[in-house]
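The residues making up each chain are set out below.
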Amino acid sequence: MHAIVGTIPREQFPLTPGEVGLIDNELCIGGNRVPVNRGTPALLAAAIKAGDFLGLPAPYGYVVGDIGHGDGSRRLYEYLTLHLPQSDFESITLHYLLPDVNWHNRVLAKLDEAVRRPRLIADAGFMYAAKMSGKSLQYDLFTPDIGELAFLADEEAPHPFYTRGFILHEESGVPDLISRAYAHNNAARHLLVKGEKDYIANEKGIQAVIDQPVEDAMEAIGGTGDTLTGIVASLISTGMEITEAASIAARTNRLAGYYAKPTPATQVIEIVNHIPRALEEVLGENERGAPWEEVSQGESA
Amino acid sequence: MAFFDVFKRRHAETSAGGAPGDRGLLIFENTSEVIRAERVLKAKGWEIRVMGPPPEIRSGCDLVIEIPLIEELNILRSLQEAGVLPKEVVPVTSPLLKPVDLFKVKELDRYLMVRAANMKLTVDKETSTIVNVSGGGCPDVPYLAQEMVGKTLMEAPSPREIGHTLCGYALQLAYEEATRRCTQ
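One line per chain: the protein sequences are A and B, in this order.
For the first sequence, this note's numbering gives the first residue as 1, with consecutive numbering after it.
For the second sequence, this note's numbering gives the first residue as 1, with consecutive numbering after it.
What the hints contain is simulated information worked out from the structure, not anything from laboratory work.
Since this is a predicted model, take the numbers as computed values, not measurements.
Be aware that one or more of the hints could be misleading.
List of simulated lysine-lysine pairs, DSS-like, C-alpha gap at most 27 Å [claimed, not checked]:
no. : chain 1 : residue 1 : chain 2 : residue 2
1   : B       : K151      : B       : K125
2   : B       : K151      : B       : K106
3   : A       : K261      : B       : K106
4   : A       : K197      : B       : K42
5   : B       : K44       : B       : K87
6   : A       : K135      : A       : K110
7   : B       : K87       : A       : K261
8   : B       : K104      : A       : K197
9   : B       : K106      : B       : K125
10  : B       : K44       : A       : K261
11  : B       : K125      : B       : K104
12  : A       : K261      : B       : K125
Computed list of chain A residues with no C-beta within reach of chain B, every gap over 12 Å [what the hints assert, rightly or not]:
no. : residue
13  : G21
14  : G30
15  : L56
16  : L97
17  : D154
18  : T243
19  : Q267
20  : E287
We put the beta carbon where it would ideally sit given N, CA and C, even for glycine.
Isolated chain A (complex conformation) (with noise of 0.2 Å):
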C-alpha cells in the first residue's frame, strides 16, 4: 500500500487519514466527498486510476484542509510524526502543504523510524521544503515543473519566486538546470522534470525524454502535473524501478491527455477519466519495447 499526504482547499476540512475511493468523480475520504479540481485531490484521484487498473488496494490519505493560512498543514505536520513511525507503506508522496522546513525535518527523522523505510516521493510544498532543509538525497523521487526545476538548481533560492533571474526557466536549459540542482545536492535521487518534453534524470544525467504525444494546452490545465505524480506513485508502489516507473507515467500522462482532447479550458477530471486506457496502452508498449528510449538517447545533464 502506498500513502499520499497533502491538503484540500477547504479551510474546515477536518484532519482526515483513511483509505481514498473515487465516485462520480469526487473523492471519498473518511464519509467526506471533494471535487477533483487540482492539487492532492488531483493526484489522488490519477493514483486511483492507475491503482485500480494495476490491481493495487486503494491508496491511503492524510489529508486536512488549508487555504494557505498553514493551521491545518501543521497540524498535519505534527499528526505525521506521531503516525509515522508505526506505518508500513512502500511508498508516501508528500504534496501540498506549506513549506516549513522545522516540521519537515521532524517528519523526515519519524520516517527513519517506520516499520520500514518507505520510498519518498516530493512533489509540491513538501518539495520546496525539503530543498531548503538541505536533505534532498533522502528522497527517491521529486517531480518539479520547470520554473520548480530552476528553484532547485539555485542553491541560494528559498522559493520559485525569489529564483535568481540568470537561471532562466527555459525548456533549452533543463539539462543544465538539472546538473546544477545535482551539484548543489538539490535534487532527490531521481528527478521527473514535467514540461513540454517530460526529463527522467539521476545523478548520473538524462535517463529518458519523453515528448510524445504533444497537447500544448497540457501546460495552461491545473492539475497536470498533480496527475503525473499521481500515477508515478502507483506504479512505484508496484515495486517497480524509479526510472522505469516515471517514463510509463509520463507516457501515460500525456496519453490520457490526448484521448481527452483538451483546449487550455479543459479541467483535470476530464484527464483523469482516460487515464486506464492510456495506462494500458503505454504498459502494452512497453511489453513490446519502450518506444521512448529511441529518444532518451544523445542527451546528458
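Place chain B on chain A using the hints.
For chain B alone, kept in the frame of chain A given last:
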C-alpha cells in the same frame, strides 16, 4: 508605500548564510515602525523576532523583523491594515535576492497563458474569463484556483486579497500581467 513596492529590484551577489532557509526579513524605514510592526504581528500570533540586519543590508543602528517567508503575503496584509508596511522583504539566506520579475507569455489560439515564477494563469482573450490556474506548491494555490477560475479578470478576487503565500504572490503578478495585456 504601495503594497507591491516592497519588492525592490536589486542585484543578487551574495552567499547563503547559516539561518533557516524558510525565513525572511522585513526592512522598515525606521525603528519606530519596527516596534509598531512587531506589536501588530505578535498580536496576530505570528512567530517573529526582532533582530539586527545582516551586513549586506545594514544601514546603521537599525532593526529588522524575521518572519516565515512563505507566509509573506498574509503578513503584509496584516501590516497594511495597520498602516505600517515595510519598505522591503528579503530572504534571510540571501538578503540581496530579488523576486522573479520575468514573465513568460504564450498564446494558445484564443487563450493567453501568463507565467510568473512557478505560477501560470490562463485567460480566454475574447471574454477575459480565467479558464485555468496551474503550477505552484503552496496550499492556497488550489483555493485561489477554485475562487478565480470561471470568473472574468474583473470579477475574480485578486490573489493579493485572498492568497497567503509566495505562490499567491507569484499568481498576483501573473494576474496583473494578464489584466494589463487583456485591457490594452
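Hints and how they fare:
no. : hint              : in the structure
1   : B:K151 <-> B:K125 : holds, 13 Å
2   : B:K151 <-> B:K106 : holds, 20 Å
3   : A:K261 <-> B:K106 : holds, 19 Å
4   : A:K197 <-> B:K42  : violated, 47 Å
5   : B:K44 <-> B:K87   : holds, 21 Å
6   : A:K135 <-> A:K110 : holds, 14 Å
7   : B:K87 <-> A:K261  : violated, 48 Å
8   : B:K104 <-> A:K197 : holds, 17 Å
9   : B:K106 <-> B:K125 : holds, 12 Å
10  : B:K44 <-> A:K261  : violated, 48 Å
11  : B:K125 <-> B:K104 : holds, 16 Å
12  : A:K261 <-> B:K125 : holds, 20 Å
13  : G21               : holds, 20 Å
14  : G30               : holds, 19 Å
15  : L56               : holds, 25 Å
16  : L97               : violated, 7 Å
17  : D154              : violated, 9 Å
18  : T243              : holds, 24 Å
19  : Q267              : violated, 8 Å
20  : E287              : holds, 33 Å
This entry does not satisfy hints 4, 7, 10, 16, 17, 19, going by the numbered hints stated previously.
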